[in-house]
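Position chains B and C relative to chain A; hints supplied.
Residue strings, one per chain:
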Amino acid sequence: MLEIAGLEAGYGALKVLRGISLAVPKGKVVALLGSNGAGKTTAMKAIMGVVERFAGSIRLDGQQIEKLPPHAIVARGLALVPQGRELFPEMTVVENLELGGLVRGLAGAELATDMEAVFKRFPRLDERRTSRAGSLSGGEQQMLATGRALMSRPSVLLLDEPTTGLAPIIVQELVRIIRALNQGGQTILLVEQNVRMALSVADYVYVIRGGSIVMESEAAKLDGADAMFKAYLG
Amino acid sequence: MEIPLLLTASGLANGALYALVALGLVLVYKTQDVVQFGHGEVLMIGAFIGYSLLNYLGLPYPAAMLAAVLACGIMGFVLERIAFRPIAYHHHITLAMVTVGLSFALKGIARIPFGADIYTFPRLFPDTPTIVWGKLIVTPQHLVTIGVALALTIGLFVFFRSTTMGKQMRATQQNLTGASIIGINTGLIFSGTWALACAIGAVAGVLAAPDALLYPDMGARFLLKGFAAAVLGGFESVPGAIVGGLLIGLIDNFAGFYIDTAFQEISAYCIIILVLFVWPYGLFGRRPTHRV
Amino acid sequence: MTAKRSMKLAGLAVAAGLAWAGAAGAADPGITDTTIKLGMFGPLTGAVSIYGYPINNGAIAIYNETNAAGGINGRKIEIVHEDDGCDPAKTRAAVKKLIEQDKVFAIHGGSCSGGVNAAKDEFISGKVPFMVMAATLDAISDPPNRYIFTTTLPGSGDGGIMLNFAKTVPNAKKIAIVRHQDDWANAKMKNISAGYAAAGLQIVADETLARNATDATAQVLKVKAGNPDVVLFLLYPGESAVFLRDAEKYGVKGPFVGSNSVMDLLDLRERTGSKTSVNNAYASAFLQGYVGDPALEKWTAIYRKHFPNDKVQSLSFYGMSGALTMVDAMKRAGKDLTREKLVDALEATKDGEAGPGYCKVTFGKDVRQGCLGGTIWGVKGDQIVNIGPSWPKTN
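Chains as they are written, first to last, in our numbering: chain A, 14 to 247; chain B, -4 to 287; chain C, 28 to 422.
Errors might be hidden in some of the hints.
Capping the alpha-carbon separation at 27 angstroms, the derived lysine-lysine pairs in DSS-like fashion look like this [claimed, not checked]:
1) Lys201(C) x Lys130(B)
2) Lys162(B) x Lys133(A)
3) Lys130(B) x Lys103(C)
In short, the hints are calculated from the structure, not lab data.
Bound conformation, chain A alone (with noise of 0.2 angstroms):
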């Protein structure tokens, strides 16, 4: 469960959240949905620790992380799937997992399980162990990104706007395997444009604009058509 309690963030002078907060329940996909330059990425990379944080605290699962640096936060079960994938690129696939790993110290059999293990979600990525990340594309990026971040069996996943750039079809398929995981147990904490997407797979939505949670609602109970709605994501 992640906790989140008037997140105050930015660059040097410019703060970008005003405050916002929120919760993911253990179990449960929570979308964080806005338009461009509503403050979504960096509310995903001041919770990582990449960006300053002014004020506000950042509980998971009990533990206070606001203050701790980004690797601190991943060995406390925080995982992000960044918005431009961040792989290795001259790196294998297998190495890329291989360092998703790192942080919980996985090494012999126990890497080989939650290896086999990704590569059995994203049949794709199993045929192409040996290539370069940097020779991936677009949809096989994504998902070799999710499954280095699932390699740290974090308790909580956060995927920033894993749609981008990619065609419908793959799309489909991250809809699939997002859901996929939820069944499995998996909190995910889900940035979106995509409303449409990000209500598909959703149980609760936050709407941010200008730094602060504008909107609240479950999932179930919004319209994607709905005029308040529309408005908030501009």
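Chains B and C only, in chain A's frame:
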């Protein structure tokens, strides 16, 4: 055949030193995108530490050299942490200026106890005469240099391919953000990379010093040659640094003999300019791949 | 008014006139009835200060010794020190300060050629007598200027000593040269280039070795290919060691003749890391002997007396010949010392004492390089020996 053979042997020995210097430059550059202009002085400091342990503490030769390498590794670790990390995200020019400052500072520190005198650095095998195998003439010191450089290259290859730390370093070099979000302690990697680069620099220093003599300004020439080697190798490639270094050593000798010895004075500059204008990614550099 | 009285008045007038004339004569700056203020500059800070202090201290020892023996015609020498940091701009400023602010009478200083050369105009326009301390650049004293003197062997002179020795090597026909590509080595080359043909020598290899080079394989192999009878090396000590080491490695036999930068042949031998590397190596020298040589006993004692905590080294002797020459000329210039009189006295110096220097100091009209003589040193066993300017008859 005699002359090319002799030129090759000594060219490889010199080139092995340039390769080690280039390696240190490339490692830091790959990790933090900055050319460490103080790297020549790291070599000098390593050599002076080795000399002091040998002469003033009376340590056995291999122990003194190993301790010097270790000491430089620690120095690199600490330098990165206190002098470099706080400004690691500043503009490239700022970082480069800091490394230039580092170069002056290290020279200044060395001058406090050692002055501007030139010291003689003992050889590992002082009493072994020059080795003659048929037409080949080679000094024991050159053999040691080539051997150590070769062993170190293999060691590094294994380190980067097979150890956790090595893989984390490569990951950090390839994608800093990626590394930090999967839980790699990138700060530790930065310091560790400097430690490794400085330790390799110290190896070059203690290998070079018996031939190069020991004085606070000895690093400048090695930095220049190492820089040329790194440029030739593409500046982002570890194998490139090695091959680049060996080539520089060979080019110096062959061009010196067959064209003009005066060429050696400008060879490094010529190679740097030529590569940057004609062949900007060097022998092993990849064109930057743009990812979306 | 009686004749006697008028005589007395006239006498007074004459005396007054003389006194006035005397006052006018002593009106040059830096001179009082009891003191002569002398300016001295050199690299006293920075990396080169390691050379600056021993060189200047040698001169100071001579001046102190002179003061202890009663001074110069009743006047004691006072020295004003300035730091030039071995930097041309700083040197100019230091000299300007000595002349205009400290108002010194004459100046003895300068161990860095670039700096001294840059400050030349200050002495000339100020008409201040100047003795070079240890800078070797020919251009400082050639073409000559009335106010600038040197007892330091200029670079060209060093090359001349080397060539003169080389041509006396039995059956020498072919010479090889290995040198740096800079002003320092070019100065030494001047007399060699000008004189080798007349000496019946042929250059079979003329190679460059870079500053701070650590390997001389290409140079040595080219020298070897030329099969020379004598090898001249115009290199700094470190590079000389690299060259001799590789020459031995590849079997080049020599004889090798170096410049006075490697006067300390034993130090050179140690740097090569080989006990046999300097067996057939020689060096041009401008001192009468090496450090510890009985020939330098007197001068070593003087240095030790005034700088008991210093290590006596070759550098300790470099400044002494200039100081001895200055003292001698100031004494000869007489009680009514003026700058112009000092210059005249310096110019009249003939076979003057150069102290630890090998030469005798001689200046003349348009002759400002007073010390052109030198000798050749070699090594016998673990001793540096003075061989003399030409190849010994029996070796």
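Exercise. Taking 27 angstroms as the top limit, are the C-alpha atoms of Lys130(B) and Lys103(C) close enough?
Worked result: Violated: Lys130(B) and Lys103(C) sit about 69 angstroms apart, past 27 angstroms.
Problem set entry | Holds or violated: Lys162(B) to Lys133(A), with C-alpha atoms at most 27 angstroms apart | 25 angstroms, holds
For this session: With a cut-off of 27 angstroms on the C-alpha distance, tell me whether Lys201(C) and Lys130(B) pass.
Result: This hinted pair holds, its Cα atoms lying about 26 angstroms apart.
The structure fails to meet hint 3 from the earlier list, while all remaining hints are met.
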